[in-house]
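*Asks:* Counting with our numbering, you get residues 1 to 100 for the letters of the sequence shown.
Rather than coming from a laboratory, the hints here were simulated on the basis of the structure. Do not take every clue at face value.
What the hints assert, rightly or not - Derived DEER-like restraints, expressed as beta-carbon distance ranges:
{"hint": "1", "residue 1": "GLY24", "residue 2": "ALA73", "range": "13 to 23 Å"}
{"hint": "2", "residue 1": "PRO22", "residue 2": "GLY92", "range": "20 to 30 Å"}
{"hint": "3", "residue 1": "LEU18", "residue 2": "TYR43", "range": "16 to 26 Å"}
{"hint": "4", "residue 1": "LYS62", "residue 2": "PRO22", "range": "38 to 48 Å"}
{"hint": "5", "residue 1": "ARG82", "residue 2": "PRO19", "range": "17 to 27 Å"}
{"hint": "6", "residue 1": "LYS25", "residue 2": "ALA73", "range": "15 to 25 Å"}
{"hint": "7", "residue 1": "PRO87", "residue 2": "GLY24", "range": "13 to 23 Å"}
{"hint": "8", "residue 1": "THR39", "residue 2": "HIS76", "range": "35 to 45 Å"}
{"hint": "9", "residue 1": "PRO22", "residue 2": "ARG88", "range": "35 to 45 Å"}
{"hint": "10", "residue 1": "SER70", "residue 2": "THR34", "range": "33 to 43 Å"}
As the list claims (entries may be wrong) - Taking lysine to aspartate or glutamate pairs in the EDC-like style, the calculated list, with each CA pair at most 16 Å apart, reads:
{"hint": "11", "residue 1": "LYS28", "residue 2": "GLU17"}
{"hint": "12", "residue 1": "LYS36", "residue 2": "GLU7"}
{"hint": "13", "residue 1": "LYS100", "residue 2": "ASP71"}
Just so you know, these numbers come straight off a predicted model, no measurement behind them. Backbone N, C-alpha and C fix where the C-beta goes; we use that ideal spot for every residue, glycine too.
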Amino acid sequence: MAAITNEGRLLLFPIAELPELPRGKGNKIIQIPTAKISTGAEYCVAMTVLHEKENLQITAGKKTLTLKPSDLANFHGERAQRGGLLPRGFRGITALLTIK
């Protein structure tokens, strides 16, 4: 699973790490500091599920970045971690797609 914030932090983690909680309780997908959540400065803008052999296409305005599985290794972690920063110019995400 891939999750990305409006500040350009990308986190990839196995979908098996996402537990099903009773009565609709929420799960923390990606770590965002409490101060940034309360002010609305940072929030999750997109999530997608991708296979380990698929590419991830990130669109920021008119620019597009395609990350291959070897490139995505830098963003792997455990659920609820902070995630890694995308390259400059690709942090204002407008779309997130998986490509076979």
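*Asks:* Are the hints correct? Go through all of them and say.
*Replies:* Status of each hint after checking the structure:
| no. | hint | in the structure |
| --- | --- | --- |
| 1 | GLY24 <-> ALA73: 13 to 23 Å | violated (34 Å) |
| 2 | PRO22 <-> GLY92: 20 to 30 Å | violated (37 Å) |
| 3 | LEU18 <-> TYR43: 16 to 26 Å | holds (19 Å) |
| 4 | LYS62 <-> PRO22: 38 to 48 Å | holds (44 Å) |
| 5 | ARG82 <-> PRO19: 17 to 27 Å | holds (20 Å) |
| 6 | LYS25 <-> ALA73: 15 to 25 Å | violated (32 Å) |
| 7 | PRO87 <-> GLY24: 13 to 23 Å | violated (37 Å) |
| 8 | THR39 <-> HIS76: 35 to 45 Å | violated (29 Å) |
| 9 | PRO22 <-> ARG88: 35 to 45 Å | holds (42 Å) |
| 10 | SER70 <-> THR34: 33 to 43 Å | holds (34 Å) |
| 11 | LYS28 <-> GLU17 | holds (11 Å) |
| 12 | LYS36 <-> GLU7 | holds (11 Å) |
| 13 | LYS100 <-> ASP71 | holds (15 Å) |
Hint compliance for this structure: hints 1, 2, 6, 7 and 8 are broken, all remaining hints hold.
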